[in-house]
Amino acid sequence: MSRIGRRAFLTRSAAVLGAGAGAAAGVELNRTDQASAASADVDVPSPAAQWQMSQAELTESEPFAGVHQAGILTPRQAQATFAALDCFAPNRDILAETLQALSQRAQELAVGGPIPLLEADAPPADSGILGPDNAPDSLTVTIGLGASLFDGRYGLAARRPRELVQMPTFAIDDLDPAQSHGDVLLQICANQRDTVVHTLRELLRTVRGSLQLRWEVDGFQSARRGPTAHNNARNLFAFRDGTSNPLTTDPAEMRRLIWAGSGEPAWAVGGTYQVVRVIRQHVEFWDRVALTEQQNMIGRVRATGAPLGGSSEFEDPRYDLDPQGKRIPLDAHIRLANPRTTATADQRILRRGYNYSRGFDAAGQLDEGLIFVAFNQSPERQFVAVQTRLLAEPMIDYITPVGGGYFFAPPGAVGPDWVGSSLFA
Amino acid sequence: MFTSFRWLRPALALACAALAAFVVVTALGLGASGSRPATSRVPLAAYVEFAPHVASQLVILGYEGGKRGASLAPPPGDKPLPISDFDRPVAEYLAYAATQLRLMAGPLRSLEASLSKNDRNQAKRAWEAAYARYLHLGAVYLEGPIAVLNQRIDGSPGGLPGGTASPRFTGLHRIEYGLWTGAPPDSLLGWARQLSANVEELRALLPDVSISPLDYATRAHEILEDAVRDLLSGADVPWSQQGVLGTAAGLAATEEVVGTLRPLIDMSIVDTELAHLSGVMEGLAAAHGGTLPSNTELSQKQSEALDAAVGEALEALSQVPGSLETTKLPVTPTISARDVVIDP
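These protein sequences, in sequence, are chains A and B. Going by this note's numbering, the first residue of the first sequence is number 1, and it counts up by one from there. Going by this note's numbering, the first residue of the second sequence is number 1, and it counts up by one from there.
Hints are not guaranteed to be accurate.
To be verified - Which bits of chain B does chain A cover? Going by a derived footprint, with three or more residues having C-beta under 8 Å, they are:
#: 1; segment: 154 to 160
#: 2; segment: 295 to 304
#: 3; segment: 332 to 341
To be verified - Restricting the straight-line Cα-Cα distance to at most 25 Å, the calculated cross-link-like pairs of lysine-lysine (DSS-like) are:
#: 4; chain 1: A; residue 1: K326; chain 2: B; residue 2: K117
#: 5; chain 1: B; residue 1: K328; chain 2: B; residue 2: K79
#: 6; chain 1: B; residue 1: K79; chain 2: A; residue 2: K326
Don't read these hints as lab results, they were simulated from the structure. The beta carbon of each residue, even a glycine, is placed where N, CA and C say it ideally should be.
Can you make the complete structure from the sequences, with help from the hints?
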């Protein structure tokens, strides 16, 4: 008998797929429309219209199935949780069942639909915190595998992706083992916090006996405050983050930079390496630094996000015209991260980070920072090269990487596959 | 000249910036009244009254950035200090630093003696005395051999592969780790001897050290920043939790550096804040039988009071480096319109 609570898992899998979440909404709308008709301000949507828009947003969904996993090229949703799990499945078959169960449950939640009714004297199939009808809310669940899963326990050592190792310790790190590494990583993203909270709770329930939490961190995107729809949101140092990412709409660029291919075991092709770094930002200290110094450390204008000397977030910093660093210091963050040379073109990474804020430390200082997330084809060629250059940036005084890990996000599930199925084929 | 404003909060500064065009006109006519706003509902202009420094910046700068070529011009009347003004403060500080390293010899001898006698408690007291003395140096973020020695003397295991098991984990924190986690004291003797030797090496290098005005001015601010980030948080002293002791040593170092700079700028507000912090430290010692408590011995209220005093001192100190510039703030060159390339 498997240890993953197969009966419970199957009953929770019985959700009717594909049903929309808005059936009851129309009635409510008609009622509130009249109340808001008196609103004089035509530019501000009425409460009813706003409610309708938020309902529409909740019903949007991201496909779980695909050649690649969702949550990688997907535009960043507003909310996220990163949960690293350690595996206690007693053998390889149960590990496979566990991963299959994760995929199936994640897919159901990404589609949404009514919660199946069980007998009233049994615990309900779903926690129900989103109501009787789970709205998908653009949910993505991205499953990653840590190097430790490929140790001796499951006979997977020979199938380890070529560059999947335990995340190395860099000189600026102060890694807490209790916040680092892990056998499996769940990256859960959606637009509403409760969707993410619900998803984590349901997924953990599905695989309770096999996967246990090792560390967890919640992230959020800052609101996109413009001035245009394209401008990136800010991190907690107040600078825009995500500018000059590789183009996710360009499949050729993604093949060059993101998807694992040649040299990797066949099962891993189409997957990608996911680097997660929980980086504490010492925000009180940062706020006591002069604006010019802040801007010189980053290499951008804080207000606009433009490279120093420029006016648009999206313009080339033109290092070619500034070889001595008179405009953008040679050790500025953006310059070290991406020097924009031919030699460094294949080092670019796809960043998909989130801010975090979780209380305060023993010195009364806010525990805030960045959940740095990078997808790349080769950590050695890409992330490590970039990170090694960044060890020389002056910003290191204001940050402390405290956790995270290296994970491999297997290719996506198509048809009867589940995420990781090719590993066991 | 250096100015700092105790009641100005960063959030208010931001609010001020957002309303700069309106507020500045209002604020400039106001004189300083010296009383504290009673509640957070005081009109914006009343805050600016307490923040003439910020108000004057607003007049100069307007909005932060936003226009092509918008660069932060130096305030008119901003006179850089001559570099030579720093010769004497730096020389005074280096003489002070040499004294601190000399004074470390006593506790280090006592540490070795108590370790070889396997007297854990005495060794802990000697370790605390040596550690506090070392932190009297203040921040050591110089490059080259000094930085290497500092890593050996005061380095943390966090950035080392293998952490506490790394052979590169040496010095004060290696001994702290052993003493507070039950290692036989005499097994730490080798580390203590190496520590004494490294301190001597550092002392021998001191006469050759040069510190730039920028580094020195920054030091006045950042010694206590490091104390909050690394010591009061417990991050650098996870075993002994002697962050309050370390912060007191950092305060002494800050007072020394500030003292050497007093001839250059008005330090009255900094002095007030440091004296307040010093008083809080004395109160903590008095409440704990005459000895500074460890981080974990602080009550919640004591901890909050200490954080408040350090935080307020840092807000004042953060104004120091900008007041000690030896060059005019350079104007950032602009990318000319014909060179602008928008990324795909």
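Checking each numbered hint in turn, tell me which of them this model violates, lowest number first. 4
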